[in-house]
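> Here the protein sequences come in this chain order: A and B. Under this note's numbering, the first residue of the first sequence carries the number 1, and numbering increases by one thereafter. Under this note's numbering, the first residue of the second sequence carries the number 1, and numbering increases by one thereafter.
There may be inaccurate statements among the hints.
Reference listing, derived: stretches of chain B covered by chain A, where coverage requires no fewer than 3 residues with Cβ under 8 Å from a Cβ of chain A [said to hold, decoys possible]: (1) 39 to 52; (2) 100 to 108.
Computed cross-link-like contacts, DSS-like style, restricted to lysine-lysine with a CA-CA straight-line distance of at most 25 Å [what the hints assert, rightly or not]: (3) B/Lys111 x B/Lys77; (4) B/Lys111 x A/Lys42; (5) B/Lys56 x B/Lys77; (6) A/Lys42 x B/Lys49; (7) B/Lys49 x B/Lys60; (8) A/Lys57 x A/Lys83; (9) B/Lys68 x A/Lys42; (10) A/Lys42 x A/Lys83; (11) A/Lys57 x A/Lys78; (12) B/Lys77 x B/Lys60; (13) B/Lys77 x A/Lys42; (14) A/Lys42 x A/Lys78.
Keep in mind that the hints were calculated from the coordinates and are not lab data. C-beta: ideal position from N, C-alpha, C; glycine also.
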Amino acid sequence: EPEVTQTPSHQVTQMGQEVILRCVPISNHLYFYWYRQILGQKVEFLVSFYNNEISEKSEIFDDQFSVERPDGSNFTLKIRSTKLEDSAMYFCASSAAGVREQYFGPGTRLTVT
Amino acid sequence: GDSVTQMEGPVTLSEEAFLTINCTYTATGYPSLFWYVQYPGEGLQLLLKATKADDKGSNKGFEATYRKETTSFHLEKGSVQVSDSAVYFCALSDRNSGTYKYIFGTGTRLKVLA
Chain A
1 EPEVTQTPSH QVTQMGQEVI LRCVPISNHL YFYWYRQILG QKVEFLVSFY NNEISEKSEI
61 FDDQFSVERP DGSNFTLKIR STKLEDSAMY FCASSAAGVR EQYFGPGTRL TVT
Chain B
1 GDSVTQMEGP VTLSEEAFLT INCTYTATGY PSLFWYVQYP GEGLQLLLKA TKADDKGSNK
61 GFEATYRKET TSFHLEKGSV QVSDSAVYFC ALSDRNSGTY KYIFGTGTRL KVLA
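So here's chain B without its partners, still in its complex pose (with noise of 0.2 Å):
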C-alpha cells in the first residue's frame, strides 16, 4: 500500500541555520503532496502542497519540490526562526483512491534555538 517515509526527529537547529526534512513516499498512483505544520497544542495547518512532478510548492519561506524520479518530496528553509519550532508532517493523496484521504508520515519535530 502506499506510504511516507520521513526522518526521524528531533531536529534543533540554531536560528538562522538552513533546515531539510526529508520526506519519501511510496504510491501505486500518481499522488499529490502535502506538507502540514503542527504548533504545541493546535491542529493540523497545510503548509505547501505539489500536485504534479517537478513542481514546487512554497509558503512562509518554506519550499519542497515534487521529485517524481526520486519519489521524494523534502521540506527546505534558508533561515529558520524560533517560531518554526513545530512537529511537521508529510502526508500524500493518491489520485487513484476515489476518498482523498491522506496517508501520513510520522511528523519530525523541529526545535530551534535563539
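Chain A extracted, bound-state conformation (with noise of 0.2 Å):
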C-alpha cells in the first residue's frame, strides 16, 4: 500500500541553524500540507501546497518557513533559524485531487536546543 515517507525520524540542531524536513507524498497525490505537533498539544496546520505554491498558510508559517517541491517526488519544509519553540513533530500529508482524505507521513521529530 502506497504510504508517506519522512526523513530524518529524528534531528536536533542547535538555536539559529537551518533545517530541511523532507517528505515523499504519495505518487499520484496532488495536495500537499505540513502539520506540526509540539509534545502534549493538538497538531497543528503550518502549510498547504498545490500546483507548485501555495495555497494556504497559518499565521505559524512566518518569513523562517519555506516549503519547495524540489523534482517530481519531494516536497520539503525549510526553517532558516530554527528556534527553541521550533522544537516539535512535523507531519507531513499528501491528498488526491477532490478528496479530502489525508495520508499522513510518521512525522519528525524536530528537536532545538
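Take each chain as given, in its own frame, and dock them per the hints.
Shown next as C-alpha cells:
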C-alpha cells in the first residue's frame, strides 16, 4: 500500500541553524501539507501546497519557514533559523485531487537546543 | 473560525469495556469529519470518516455518526482491546476551504488495561 515517508525521523539542531525536513508524498497525490505537533499539544496546520505554490498558510508559518517541491517526488519544509519553540513533531500529509482524506507520514521529531 | 473540541483524557478502560470519545465541532461551512489514531511512536492513521449529515463511518469495530443537529462526531467501540491503546484525534475539513486543510482537536489518550 502506498505511504507517505519522511526523513529524518529525528533531527537535533542548535538554535539559529537551518533545517530541512523531507517528505515523499504518495505518488499520484496533488495536495501536500505540513502540520506540527508540539509535545502534548494538538496537531496544528502549517501550510498547504498545490500546483507548485502555497495555497494556504497559518500564522505560524512566518518568514522563517518555506516549502518546496524540488522535483517530482520530494516535498520539503525549511526552517531558516530555528528557535527553541520550533521543537515539535512535524508531519507531512498528502491527498488526491477532489478528496479530503489526507495520508500522513510518520513524522520528523525536531529538537532545537 | 472553525474548531474541534474533544473530551479531555486520559481515558482508562478495562479490556472489553465500551468506549465513547466525545467530539464536537464548529464550522462556518459544511465540513467533512475524521477520526485519526496515533499509536505510540507512530504517525497519524485515518481510522474513519464521514462526509455528510447522518453518515456513519466505521472501521476496525470503531464507529462515529455525523450529527449536524448537535455538531458532533463521537467515536464509539463496543469492546476495546489492549491494542486499541493510542491517542485519538478528531478533525474536520471545511468544504468552504479550497485548501482542504484539517483542523484537529487536542487528542484523547486511551489506555486499555488487560
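> If any of the earlier hints don't hold here, list their numbers in rising order.
none
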